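Q: Each residue of the sequence shown is one higher than the one before, counting from 1 in my numbering.
Simulated from the structure, these hints should not be mistaken for lab results.
Honestly, I wouldn't trust all of these hints.
Unchecked claim - As a list, the in silico EDC-like pairs of lysine to aspartate or glutamate whose alpha-carbon atoms are at most 20 Å apart:
1) K105 / D195
2) K172 / E33
3) K61 / E83
4) K105 / D192
5) K61 / D195
6) K61 / E73
7) K172 / D69
8) K172 / E83
9) K105 / E190
10) K105 / E126
11) K105 / D70
12) K105 / E167
13) K105 / D69
14) K105 / E73
What the hints assert, rightly or not - Computed Cβ-Cβ distance ranges for the label pairs, DEER-style:
15) V150 / P228: 33 to 39 Å
16) G17 / L131: 35 to 41 Å
17) Q171 / R129: 23 to 29 Å
18) G143 / P228: 41 to 47 Å
19) P228 / W168: 24 to 30 Å
Computed from a predicted model, the values in this text were never measured in an experiment.
We put the beta carbon where it would ideally sit given N, CA and C, even for glycine.
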Amino acid sequence: MAYVQVGANAFHVRRSGTGDSIVLLHGVGADIETWDGVVAALGDGFDVLSLDQRGHGRSDKPSGPFVLDDFVEDLHGVLNALELSTISLAGFSLGGLVAQAFALKYPERLNKLALISTVAGRTDEERARVLARAETLSQQGAGAHLSEAVTRWFTDGFIASRPDVLEWRRQKSLQNDPAAYAAAYRVLAESDLADEIHRITAPTLVMTGECDAGSTPRMAELLAARIPRAECVILPELKHSVLLEAPDLIASELHRFLAASPD
Numbered sequence: 001m002a003y004v005q006v007g008a009n010a011f012h013v014r015r016s017g018t019g020d021s022i023v024l025l026h027g028v029g030a031d032i033e034t035w036d037g038v039v040a041a042l043g044d045g046f047d048v049l050s051l052d053q054r055g056h057g058r059s060d061k062p063s064g065p066f067v068l069d070d071f072v073e074d075l076h077g078v079l080n081a082l083e084l085s086t087i088s089l090a091g092f093s094l095g096g097l098v099a100q101a102f103a104l105k106y107p108e109r110l111n112k113l114a115l116i117s118t119v120a121g122r123t124d125e126e127r128a129r130v131l132a133r134a135e136t137l138s139q140q141g142a143g144a145h146l147s148e149a150v151t152r153w154f155t156d157g158f159i160a161s162r163p164d165v166l167e168w169r170r171q172k173s174l175q176n177d178p179a180a181y182a183a184a185y186r187v188l189a190e191s192d193l194a195d196e197i198h199r200i201t202a203p204t205l206v207m208t209g210e211c212d213a214g215s216t217p218r219m220a221e222l223l224a225a226r227i228p229r230a231e232c233v234i235l236p237e238l239k240h241s242v243l244l245e246a247p248d249l250i251a252s253e254l255h256r257f258l259a260a261s262p263d
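Turn these sequences into a full structure, and let the hints guide you.
A: See the structure below:
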């Protein structure tokens, strides 16, 4: 296991392969292992770095509350410690919010940006729903939060055919530090950069599932419309947890995007 120290916090990182550097940011309540299927399918030709974000996995779990910029500065510190001057960056869900904020704050560090199943421009109703989930998590813990999450995350066919993956993901959530999980979820619930993303300069790929109720196709299309050099891919039939349900498809789209000319 490798760790990188950034300020008072140690971050668990995993690095493999050679080639152009791409950094992977996981979603809330998850860890770097949610990217394993994508990394395997991505194949050779990339220097892949993934990290457990603050409060997650094997990284340190400082007491909250957190703000979005905490995650941005964590990433910035890890890149500096590893002497990675420029990267491509892919973020899923909360990781996609961190990736948006990093692209706005450190545009000179990015080659390309991939935003997967993430959010921007929530409606009042959508904001109320995610804030209610944050409150449930804070007050009642991960068990109550997970009671209706599975059907939001996975398609019915995947639920029926891969109970092993569902149980693995459930255990990941239950093993989180409760305070850190709630603090990170609050960042996901309260952050929205829709009015700022027009300043992102990196070529950008936006993806989400056709049936994702939280990171909706409308949000993906808004991201792609407001980011000047962006394209949008809606993944047929899929819901939220595309990294686990369709890693080959995600890897294929990432490979195509990363291999294409920046222009």
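Q: State for each hint whether it applies.
A: Hints and how they fare:
no. : hint                    : in the structure
1   : K105 / D195             : holds (14 Å)
2   : K172 / E33              : holds (10 Å)
3   : K61 / E83               : violated (24 Å)
4   : K105 / D192             : holds (15 Å)
5   : K61 / D195              : violated (30 Å)
6   : K61 / E73               : holds (15 Å)
7   : K172 / D69              : violated (25 Å)
8   : K172 / E83              : violated (31 Å)
9   : K105 / E190             : holds (19 Å)
10  : K105 / E126             : violated (26 Å)
11  : K105 / D70              : holds (12 Å)
12  : K105 / E167             : violated (37 Å)
13  : K105 / D69              : holds (9 Å)
14  : K105 / E73              : holds (10 Å)
15  : V150 / P228: 33 to 39 Å : holds (37 Å)
16  : G17 / L131: 35 to 41 Å  : holds (39 Å)
17  : Q171 / R129: 23 to 29 Å : holds (25 Å)
18  : G143 / P228: 41 to 47 Å : holds (43 Å)
19  : P228 / W168: 24 to 30 Å : violated (39 Å)
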